[in-house]
Structure formats: structure tokens, C-alpha cells
Amino acid sequence: MTEFQPRIVVFACNWCSYAGADLAGVSRMQYPPTTRVIRLMCSGRVQPGFILEAFNLGADGVLVTGCHPGDCHYISGNENAVVTVEKTEKLLQLLGIETERLRLEWISAAEGARFARIMTEFTGQIRDLGPSPLDNSHHEEVSLADANVMHKT
Amino acid sequence: MIFKETLRQTRATYCLDCGKCTGSCPVSRVDVTYSPRSTIERVLAGRPEDLMDNRHLWSCLTCGLCTTRCPSDVDYPAFVVAARIEARQASQEGTYAHNAVMQQLMSIMGQSVKQKRTGWVTDDLQTATQGEDFYFVGCAPYFDVIFADLGVVSTDVARDAVRLMNRIGITPVVSDDERCCGADLLLNGDEDGFRRLAEINVQVIAESGAKRVIFACPEGYNAFRSDYPRYVGPLPFETIHLTELLAEHLDDLELGELAESVTYHDPCRLGRYQGLYDEPRELIQATGAGLVEMRKNRAQALCCGSTGWVNCGQCAKGIQMTRLRQAQDTGADRMITACPKCRIHLSCALKDAGDEIGVKLEDLARLLVRAMAIE
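Chains A and B, in that order, give the protein sequences. As numbered in our numbering, residues -19 to 133 make up the first sequence, in order. As numbered in our numbering, residues 732 to 1106 make up the second sequence, in order.
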């Protein structure tokens, strides 16, 4: 039996975490190909609706990443991300989805190694949890039409 | 195009072009570019495509005020919902409020989730897992998380509703497997999502052995009564709204006398859709609280300004402020609502209004529980 390959959606802020991912890439650091990175200007842009949409479309885990506290390009956007993630955890609890499938991490532009390590760690964590309890998780591919169902938010 | 059929079914072909609908419409009052009359006229003139990519397709609150005044009895809300179903198939959508978190929740509940949604049940409440009466709680546990910053606790209504049921000798079933009623998905034109939720809910309720389902939320009540039979066939149980049930058992409630004055906001789904105007008023009067009517009440009541978690903005806020001012003009201490969504929407406007409006919002169930606590 082949090992379960989770699908993880990573929200990365433009200024720190996405640059951290870039650094991991150009430094040729290895991490599992389980992640799909979505770049946002700030982790403060992430909303509970976005995280739920990722799970709804079949993500097994969602990682929200942003600048370290005090380092946010927009001063306090990452503080909003903390509130969003806490709120979403409560919604996941109600829905019966393990809150361990959602994680918030601070990754700076200089922390390529940290980015790679967190991706590896989180992938392992989701592998241990197994596929998401939602039906869509087991679908091989989510069609573009499905993914477009709720694009206007 | 289903439009031909829709025009006939909703009697839109009988439109006189009189414009009473636009004159009545709470949206048109705030946003002059919106007109139910011209919306229908454009489709009648053979240009339904004008409607499909029109942002105003999502502006209608489906409050039904226009329909009550239409001389030709055109069912405008039904026309709008049919048009949205059509538009959605063409990948058109409204602008979802709260970054579509509600739509995502409803969509996820259509999958095989194992929810943990009965955490609101406190030790003093008597509930069951099997029984004759099922209490359909609705989205309250989710609202508590999403609207925490408004300070509105929607599960308070659920707890109060169970307290009231317990008082009249009912131990209701509450279930972790209950889903959202899906009314808002249907309002967004998502028939498939709605049908999925309806099928699961009917099955969950049937499995509990319930013969009657009690609702504290008018939206769920209306969905079960008006929309579920159309999508999943006749329901194998009765449906009753909490206010109907309590009005039948007024003596058992043993209410004390409250010394305050209140005004009552008729939710669209409870009033215009289901015709329950008298039961909530009977209950309020039974508490001894003086009921002062707003200028617009019963079938003429103004909507709370937002439905379907779509297109919430300045227009919604304008309508809400008008409604709050109507409540303030009565001089009542409290504005009583019987719908968790009305309470959320009006609380949002009230928060923005600051000290301008001196009315407190309260759910009917809370008012009754307060009266019940008086010996």
C-alpha cells in the first residue's frame, strides 16, 4: 500500500513566509511535495471562510503562515491571523474536524530552513491523522469547476 | 431557460407595471437603482440575460413586502429565487458576506461530518436522544463563534427554548447530527446543496423517532414547511414553531408579571411567510409587558435588512437603522425579536449606531424565561 499523501493548503504572506518558501526553494532544501502554497499580501487577509473552503474542497490540512509578531509588514495583520485561526478552530470543533489539521506558524524571509522543517513536520502530523473526514478528501482531483464554485468572496 | 415557466408560476406575466413593489421595497428605498418592477419588466420584454449578470439579482431580501401589496399577487421572492438558481448554473453568484463562511459551513455540512454541536446544552436542561419531539436548533452554535464580537449569544435562545419546553412538560431531542436547514443555500440559488441538507435532516429526525419538530428559528421553520416538501417530498413528521407551541400551553408556563414596555419585530419568515403574527404577541402580552407596536408591523413589518448571507453593505445598514428608529419611536424599553438572524443583523446596526438608539434587543424566548422566573 502506498503511503497516504496528504494535501495541505499553505497560506503564505507576501513579505515573510512566501519569501521564506522561496529561500527554501533556491537553497534546494528538501520537503514533501504535499503542499499547495497560496500567496496573500498578509496573513491578516486569511478568513475563516478561506480555511473552511480549503477543507471543503478536500484539503487534509491547512497551514497559515505569516511574519513573526512585531515584524508584520502592516504592523498588526498577523494579530488578526491569530484571531482568525482561533475562531476557525472553534468552527472545526463544531464540525467534528480535528483542530490539529489547522496550524498557524510564523516564518520570516530568512527562515527557509524553518519553512522546510515545518512543512515536513506538519505533513507527518497530517499523515498520522489520516485523510480529512470530509468526503471530498478522498477525491483524486477536484475539478476546476468545483474549485470555482465559490470564487467570488 | 426556465424563465417562461417561472414567469407563469410566479404570476409575473400579470404584472401591471404599477410600481407598487418598488415603492414598497426596503432595498429600493435606500438604493434607488434597484427596482423589482423593472427587473420583471426586463424579463417580460424578453431580455432575461439582463438579469443574469446584474448585481441587483442578489439585492432582493426576499422579504415579501412587495408581494403583500402587489395588485396582481406576483410572487416576486419566488421569481428571484428561480432566477438565482438559473444564474448560479451560469456561474453567477452574489457577494457573500463574512467571506462566505456561512456558505462554506453549509456546504461542509452536506458531507458526512460528525459534528459536535450540542455543547450548549447545560446541566439544568432536560434533553433526550430519542423521543416524540425534536428540537431543531439551527445554526446557533456556529453563530456564537462567528458573531462573538457582536456580543450576541445565539445559543442563549436555544437554552431558553429548552427551558420553556421543559416547563410545559416536553423533553426535546437535540442531535449532534442535525445540519443547517439550508434555507440560505436555496436563497443563493444552490438547489443541490439545499436538497442534500434537507435529505440528511429529514433522515436524522426520522431516526430519532420524532413525530413533531419544534423550531425556535423562523427560517428553519419556513424551510421545512414551504421548501422541504418541494424538494424531498412530504415530511414524515409535524412541524411547529415554538411560539405556536407555547401559545397553546400558556397556562402551564405560569408566567409572572414584567413591568416594562416592549415592541415586537416580525421576522419575514414567521410573519409574511408563515402568518404567525398573533402567537408571539399573545405570549408577550401574557408576560404583562406592555406591547407597543412599531409604525410598520405585522404584514407591513420592515425586514432586518439582510438575508442569505449575501450582499450585506450600506443598503442593509440603512434598512436596519430605519427599523431601529421605528423601534425607538415607540418609546419601548426593548425590541423583541423571534429570529436569531434578525437579532444578529439588528445588533450589528445597533453597535454601529452607538448611543443614537436607546433600545435593547432581546429574543422572545428570553423575555418569557425572565417572566417565568418571577414567582
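I should point out that these hints are in silico values taken from the structure, not numbers from a laboratory. Since the model is a prediction, treat every value here as computed from it, not as a measurement. Heads up, some of the hints might be wrong.
Pairs of lysine-lysine residues, derived as DSS-like cross-links and limited to a Cα-Cα distance of at most 25 Å, are as follows [as the list claims (entries may be wrong)]: (1) B:K1048 to B:K1082; (2) B:K751 to A:K67; (3) A:K67 to B:K847; (4) A:K67 to B:K845; (5) A:K70 to B:K751; (6) B:K751 to B:K735; (7) B:K1027 to A:K70; (8) B:K1027 to B:K1082.
Holds or violated: K751 (chain B) and K67 (chain A), Cα atoms, limit 25 Å. 44 Å, violated
Between K1027 (chain B) and K1082 (chain B), does the CA-CA distance stay at or below 25 Å? This hinted pair holds, its Cα atoms lying about 22 Å apart.
Against the 25 Å threshold, does the CA-CA distance of K751 (chain B) and K735 (chain B) hold or violate the hint? Cα-Cα ~23 Å, so holds.
Are the Cα atoms of K1027 (chain B) and K70 (chain A) separated by 25 Å or less? At roughly 39 Å apart (the allowed maximum being 25 Å), K70 (chain A) and K1027 (chain B) break the hint.
Hinted pair K67 (chain A) and K847 (chain B), Cα distance within 25 Å: 16 Å, holds
Keeping to a limit of 25 Å between CA atoms, is the pair of K1048 (chain B) and K1082 (chain B) held or broken? 11 Å, holds
Take the C-alpha atoms of K67 (chain A) and K845 (chain B), compute the straight-line distance between them, and say whether it is at most 25 Å. The given pair, whose Cα atoms are some 19 Å apart, holds under the 25 Å limit.
25 Å Cα cutoff - pair K70 (chain A), K751 (chain B): 46 Å, violated
When the structure is compared with the earlier hints, violations turn up for hints 2, 5, 7 and for no others.
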